[in-house]
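Protein chains: 2
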Amino acid sequence: MIDVIKIGGAVIDDAAALSAVLDHCQVLQRPLIVVHGGGRRATTLAEQLGLPQTMVDGRRVTDAATLEVVVMTFAGWINTWLTAQLQARGVNAIGLSGADGNVVRATKREIQDIDYGFVGDVAAVHAGVLHGLLDGGLTPVIAPITHDGGGQLLNTNADIMASNIAASLGEQVALTYVFDHAGVLRDVADETSVIPELRAGDVAALVDSGIVTAGMRPKLDMAFAAVRAGVSSVRITNAYNLGGGTVCR
Amino acid sequence: MIDVIKIGGAVIDDAAALSAVLDHCQVLQRPLIVVHGGGRRATTLAEQLGLPQTMVDGRRVTDAATLEVVVMTFAGWINTWLTAQLQARGVNAIGLSGADGNVVRATKREIQDIDYGFVGDVAAVHAGVLHGLLDGGLTPVIAPITHDGGGQLLNTNADIMASNIAASLGEQVALTYVFDHAGVLRDVADETSVIPELRAGDVAALVDSGIVTAGMRPKLDMAFAAVRAGVSSVRITNAYNLGGGTVCR
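Those protein sequence lines, which keep their order, are chains C and L.
Residue numbers for the first sequence follow this note's numbering, so the first one is 151 and each next one is one higher.
Residue numbers for the second sequence follow this note's numbering, so the first one is 151 and each next one is one higher.
Check the hints yourself; a few may be wrong.
[Said to hold, decoys possible] On the chain C side, residues computed to face chain L include the following (Cβ under 8 Å):
(1) 223
(2) 226
(3) 230
(4) 234
(5) 235
(6) 249
(7) 250
(8) 251
(9) 252
(10) 288
(11) 299
(12) 303
These are computed hints drawn from the structure, not numbers from a lab.
We put the beta carbon where it would ideally sit given N, CA and C, even for glycine.
Can you build the whole structure from these sequences, using the hints too?
Encoded structure:
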């Protein structure tokens, strides 16, 4: 069994929550891959550099200057810092972007209604390199940056990367999405209202009725994509209850 | 034989020179490790962020904010971009900082006359991970950032990292320092005045007489440290004549 733990941006920005996840990684007795999001830091850096940021449906419109900012922030500071924190806990972490070892190749999103710029949709995960690193006792820590194989880096959604990576591994995988709520909630204001188990067929009705917020839809789609691809266990939870939250079946 | 090619900051900043080195990496038929410097980009970013930079003897005084800038620039943009350019040439590159796989651990430089801040002196290279990556057909691309094993990232000189990495590999290694001159010059204004071969005993006299500039001294010290450590071939040259330049014996 391999654990794939996706650490969301809101958790990256919360020192206590992030410590809780990293402490969990330290005591895990199974091979582990960490995938992390970005958080507010890229937006802050962009603002400091005078680059106005545009978000559309939670996706960052990524021009060339913004691409540099997200690569520097996600693959640079956050990834390297997380790796050092895991090393300090005795976890032999190795930070990667999708370009490293050609682990995640993507294609630049085609312009339809909106030109997202240098945003990538995952085209292929090369699990062989990940298995090689895991077999060598290493813990890959993967930033949400990919490449197109032609030298172009691309900003890529971390939820999608985690789902695709988990699905690619070809063996028993437990995928955990860690975000800033205790699970999928029936009432977004009530952290005790976790829905303990969800099936793919439930999602549309829960969103349509407003019980599950529309903002949860992309994450749920990725969770159920992993379920469909055969990932053994898919869970959405917070940093303090990694074995709890919502199980997607 | 393993090649270790150190790409200096001035080469990183020169698109044509950098392409020439990357093209060379593509046609090499031997295992390869790339170590790269930083270049002006970190200084530019620091200036954009309103962080005044202080250099002492070619070393950047690295406070906490500057550390973030150099990690973002060196381990973030430059390392990830170089990796993608090598991937585009069919080289299965994997970008690393010293924290990745605990490859290069350092100690924060002690405060003597000058407090350099978060600057690291190499304490240990763990060549096992590098050999594992090379054996897996990967080409490590190493940024001049290390960690102290306790979660602290450190800004580290790339010439020193390259020398220490080359010396750690325990087999035949060809170390090439690529910078913006054709070799060690008798006359810094004349690129045809390359000294084809230098011995450690020659260096002090050449510097004292002013034939070799004082700024070359740290690089030469690292080159000869590698020679003393048993590195088979140590060369200082430019991007267009990688088999030429100055051989250190």
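Structure-based check of all given hints:
1. 223: Since chain L brings a Cβ to about 7 Å from residue 223 of chain C, closer than 8 Å, the hint holds.
2. 226: holds, 2 Å
3. 230: The hint holds - residue 230 of chain C has a Cβ within 8 Å of chain L, the shortest such distance being about 5 Å.
4. 234: For residue 234 of chain C, the interface hint holds, since the closest Cβ of chain L sits about 4 Å away, which is under 8 Å.
5. 235: Cβ of residue 235 of chain C sits 5 Å from chain L, so the hint holds.
6. 249: The hint holds - residue 249 of chain C has a Cβ within 8 Å of chain L, the shortest such distance being about 4 Å.
7. 250: At 4 Å from the nearest chain L Cβ, residue 250 of chain C passes the 8 Å test, so the hint holds.
8. 251: holds, 5 Å
9. 252: Constraint on residue 252 of chain C satisfied, holds at 6 Å.
10. 288: This interface hint holds because 6 Å falls under the 8 Å limit.
11. 299: holds, 6 Å
12. 303: holds, 5 Å
Consistency with the previously given hints is maintained throughout, with no hint failing.
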